[in-house]
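Using the sequences plus the hints, can you model the full thing?
Protein chains: 2
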Amino acid sequence: MTDRIRISVDAMGGDNGPRIVFHGASLALKERKNTSFVFHGREEELKPLLDEFPTLKPVSAIRHCDTVIAMDEKPSQALRKGRGNSSMWAALQSVKDGEADVCISGGNTGALMAMATMCLRPIDGISRPGIAAIWPTLRSDIIVLDVGATIGADAQQLVDFSILGAALARALFDDDQPTVGLLNVGTEEVKGLDSIKDAARLLSAASGAGFRYHGFVEGDDIGKGTVDVVVTEGFVGNIALKTAEGTARQVGTYVRNALTANLMSRVGALFAGQALDALRRKLDPRTVNGGVFLGLNGIVIKSHGGTDEIGYKSALGLAYEMARSHLIDKIDEGLRRFPVKPAEPEQTQPEAKPA
Amino acid sequence: MTDRIRISVDAMGGDNGPRIVFHGASLALKERKNTSFVFHGREEELKPLLDEFPTLKPVSAIRHCDTVIAMDEKPSQALRKGRGNSSMWAALQSVKDGEADVCISGGNTGALMAMATMCLRPIDGISRPGIAAIWPTLRSDIIVLDVGATIGADAQQLVDFSILGAALARALFDDDQPTVGLLNVGTEEVKGLDSIKDAARLLSAASGAGFRYHGFVEGDDIGKGTVDVVVTEGFVGNIALKTAEGTARQVGTYVRNALTANLMSRVGALFAGQALDALRRKLDPRTVNGGVFLGLNGIVIKSHGGTDEIGYKSALGLAYEMARSHLIDKIDEGLRRFPVKPAEPEQTQPEAKPA
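The listed protein sequences correspond, in order, to chains A and B.
In terms of my numbering, the first sequence opens at residue 1 and continues consecutively.
In terms of my numbering, the second sequence opens at residue 1001 and continues consecutively.
Watch out, some of these pointers could steer you wrong.
What the hints assert, rightly or not - Which residues of chain A face chain B? A partial, calculated answer using Cβ under 10 Å:
#1 I62
#2 R63
#3 V236
#4 L241
#5 Y254
#6 V255
#7 L259
#8 A272
#9 L279
#10 L283
#11 T287
Stated by the list, open to error - From the derived model, a few chain A residues whose C-beta atoms are all more than 12 Å from chain B:
#12 R6
#13 R19
#14 K33
#15 S36
#16 V59
#17 L79
#18 R266
#19 I328
Please keep in mind that the hints were generated in silico from the structure rather than gathered at the bench.
Every residue, glycine too, gets a C-beta built ideally from N, C-alpha and C.
Written out as structure tokens, the structure is:
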């Protein structure tokens, strides 16, 4: 594919200001030449910054808007204040209008999810979008969702997340039948919540329709990479993600302390310098940055708000890959392949249980 | 304190048979001389094993019972089969009868919790027991509960877990006012489940009554050691614990691979050998082994079923410390100090909402 990938950027989102956004974009462009950018935000702030990155300038446009959503605004406040006129909304609107292939923001997650849902709308047949994390494991990268879009999920929503996650896995990992596991406590059939047990029944029946259902997985299966897609509701997924981040940082600190503990270990660290540098890069949380909003009519990537230009570059790379691999088509295909889900025209009965 | 600590052992519990139990006990005795043991299980199996450990023999007794609970039996099955006559039940009964100060089992967690609840009964004022994990962090060890006794918890149960966890922290860490945090997604007041928000209100009002309420904490606060006690319901706690275990193993593997990646890194690892050995011990999951059952009229320690003699020794050490520090008295004191909880005699109204 040689078409240019057009990325719509909420340049005002994030804790560290728009400078790291442009810096990150210039780095991303170096790695993926056929990218163009539309930056949304306050022109008077953004124009001088774009001037600092001459390579970026020919493939970039700036769209002015005054309103900026603060990192601590509640989603409802953000919608009232910024619907239609904020940099966040405008960045999403570019995707809706077909002007860009993918939208990225480092802003307030709750506000971004609320605006994205309102602007791009959920895909037909999906009641609620989820946020997917690309999670490095001992085997390869895997997908974990939902990591915090919403709290709680019934069986059908867990099935939706499975379809969405499997589509993302097919797009990212080039595997036609990725494995899907439901996160649970204990792998015995008897354990767990009813919603998870019901979802397991639905997924067992549908295994083969764009994914293979593996069964229940436990928390330690994530790091092992037991399955390609780990499905859970947003509260548990968010706690798991942050706990793993905390543990990785903790063990990283132990290693650093051990290798500076005494003269001998410092000499050892010198010898092992190259291998340890590779390890440091591997454990650098900036190398895997970006949550993928799944289930909307358009691709939205959420960068970590507190990241720097390196992290932002990673998130832009993820955005690029999502657009390049036609994620939305893969999801659409996934929904058509999944037999449990009744096709729209056959749905004659009114829904008995609204979500 | 010079009194002997008497440990009641379910010698038949665990994946690896009773041999590692006796071996672990002989190692534990070396570290803590004033310990005595009552081993419950099949005498014909246990007697020859005890003969193998001559130092253990003078401080040990064997109590015969025929029935053994299998690792995969459902709690209800286990109760039907083993109530009164299994090694697991007999080990608990020893504590109930005052013959031992603490009970330990490496058996089936669900069965042990069901039997412990039936045999020892919940403490007055506590509706459900929880399982607490001692969690190593960058600051010091902390306590996380519930890590899987039951799924779901209402606000009052989260408050109960806070009182129980704070009592354990006072017993273990010798701090009269340990800090308590509620595990949540995001630290903003707006987020999270209603049960957690309600518990936060109750705990804010009671801060100072045997603990200081810190507020909400996120998953990455666990590894940082932001608070002494992290409170959550059993499903989330279990996922967090296993996810952290998986991540620690994953990062440990990365480090091992980095230090054997090439000749230079292998030379480096030789130099740093001593520091890396210390790191290995720090990351060894066997050094922190044992969940503490909290909220019952007696102390019960659950050892990991798949551990070896080193892990079993650690669990016995934990059992010893729990008994030595008079955990049950500390919990009793915590319940009396906590003002939100109405004292028993004043509870004249019938309970509106049974748990």
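Hints versus structure:
no. : hint : in the structure
1   : I62  : 32 Å, violated
2   : R63  : 30 Å, violated
3   : V236 : 5 Å, holds
4   : L241 : 7 Å, holds
5   : Y254 : 6 Å, holds
6   : V255 : 6 Å, holds
7   : L259 : 6 Å, holds
8   : A272 : 3 Å, holds
9   : L279 : 4 Å, holds
10  : L283 : 7 Å, holds
11  : T287 : 13 Å, violated
12  : R6   : 32 Å, holds
13  : R19  : 26 Å, holds
14  : K33  : 32 Å, holds
15  : S36  : 34 Å, holds
16  : V59  : 36 Å, holds
17  : L79  : 14 Å, holds
18  : R266 : 8 Å, violated
19  : I328 : 27 Å, holds
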